[in-house]
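Take a look at the letters that make up each chain.
There are 2 protein chains.
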Amino acid sequence: MTFTRSHARLPATVEIEIFDEYGESRRQAIAAERPLTLYLNKREIVTLMTLGDDPEALVVGYLRNQGLLTEAADLVGVHVDWEVEAAAVVTRHLPEDLEERLGHRTVTTGCGQGTVFGRLLDSVPRQPLPETPLRQSTLYALLENLNACNETYRSAGAVHGCALCWGEEVLDFVEDVGRHNAVDTLAGRQWLKEADSLRADTFYTTGRLTSEMVLKVAQMGIGVLVSRSGVTQKGVELAERYGVMLIARAKGRHFQAIHAGGRLALDAVPPVRPGDRRGQRRG
Amino acid sequence: MTFTRSHARLPATVEIEIFDEYGESRRQAIAAERPLTLYLNKREIVTLMTLGDDPEALVVGYLRNQGLLTEAADLVGVHVDWEVEAAAVVTRHLPEDLEERLGHRTVTTGCGQGTVFGRLLDSVPRQPLPETPLRQSTLYALLENLNACNETYRSAGAVHGCALCWGEEVLDFVEDVGRHNAVDTLAGRQWLKEADSLRADTFYTTGRLTSEMVLKVAQMGIGVLVSRSGVTQKGVELAERYGVMLIARAKGRHFQAIHAGGRLALDAVPPVRPGDRRGQRRG
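So the sequence lines, in the order shown, correspond to chains A and B.
By the count of this note's numbering, the first sequence reaches residue 283 at its end, each step adding exactly one.
By the count of this note's numbering, the second sequence reaches residue 283 at its end, each step adding exactly one.
Since the hints were derived computationally from the structure, they do not count as laboratory data.
Check the hints yourself; a few may be wrong.
As the list claims (entries may be wrong) - Quick look at which bits of chain A chain B covers, simulated, 3 or more residues with Cβ under 8 Å:
1. 141-149
2. 226-234
Unchecked claim - Covered stretches of chain A, going by a simulated chain B footprint (3 or more residues, C-beta under 8 Å):
3. 15-27
4. 31-38
Glycine residues also receive a C-beta, built at the ideal position from the N, C-alpha and C atoms.
Chain A with its partners taken away, still in its complex shape (with noise of 0.2 Å):
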């Protein structure tokens, strides 16, 4: 398996000129975003738009994801080049109906990545899911372990974050300018660099909970999801369908949990103040 890369790691945030409400001009971080166009044994695929922190494991993970690489072994070599903004993958085994399934897309509300070819919405994981139970408690540490994790939207914003834990520990995180190619690197690093990252009970997303990211963290064989944000109806479906248990708004203390029957064990019910039964409501 051999990897080659045209630059050393990009920067993830560049500064530019704004002007506030004061009339004041500064300067402030954004998020990059940039072009990658993958080529899958010299065919095509598509064109990410990403921050461009971890090509390789991002271009491996989205095939991974994608279900257009279906074993580890079978990767021979990713190549990244930055000046013409292209990744190729090259793999012993492409699937046979390949041509079959990149004639079928689904646009998904995938933030950063919103295309999954074939019939992936209709397929299923391979094995069945651990009902892995969860403690309040755990789930609190966990949050607040993150909160040290997102560096560029601190200084940036305009990013989502995505990580794999065990218990209340942070295994790996990543951040990108969509959050579907923060899962697609996290599921190419499993791949790439046999991360510790392989034992995560627990998935964490800034995202929203849409058809597509609880698809991916079932594919990566883990089920308890949780995220910042909202659900919806096909997330919450496809959830149920394949035993995902979902806390959904998980911020402070808030959450809410969905699926949950008895895998959440209540241990640290916070006192009651009047505000906290607002929930939250930010998509």
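Starting from the structure of chain A, add chain B where the hints point.
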């Protein structure tokens, strides 16, 4: 031009059972998310995940913004059938390079819609954009008027809103599970309903100002783009190329103006309070 639809208007939200941090279970409204497969002259183009509120306008606006339909007059009919989750659009003229366009996919940071066919990111709006001036007081009045619009977001979250505006007036407002569905629906309504919104001079979105959003607004001939969220590098680059003034992080009295030149008149500078200078970080 004919329209048929298999159902009356579908509900934008559905209720599910959740339980919160107090262990109390309650009904919670969530955003609907429905697949709609788009066929153009019987050719399958894409499947969109949508709230389903205005599917005819969505698919027409999608085709318009993707450059797959160039003239409203070419439209013969739109037929939506929710039974089979399909929308059939019939046009008199297809782009000659349709196959070539469909062959290239750019997956952008579109929330709800991330695919740009062909080489849209390299395309330029037909005519130069108007260098519309904007008063700070008008911006503030517009932001207040917009607060009344986000119905689904307030009840369910997990949706983005977009609006066509004229000065402080909101001409048309659309919510969908993705901000690109919302902007496409607005573009479609302009064609289908000879909407009053044709005179729009300002575009508002709750979503981030990324490459695809700037591109679509420029192609609608609008020179002022306002967002509650942040900007990305490519969004700023395209805005400069097309002459779009960006107003990012527009919330309450805050905003960050980019490429404003002399177009933004500061006629309502707020009194300085220490907290005001922190700016907003929400992506």
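Going through the hints against the structure:
{"no.": "1", "hint": "141-149", "result": "violated (count 0)"}
{"no.": "2", "hint": "226-234", "result": "holds (count 6)"}
{"no.": "3", "hint": "15-27", "result": "holds (count 8)"}
{"no.": "4", "hint": "31-38", "result": "holds (count 5)"}
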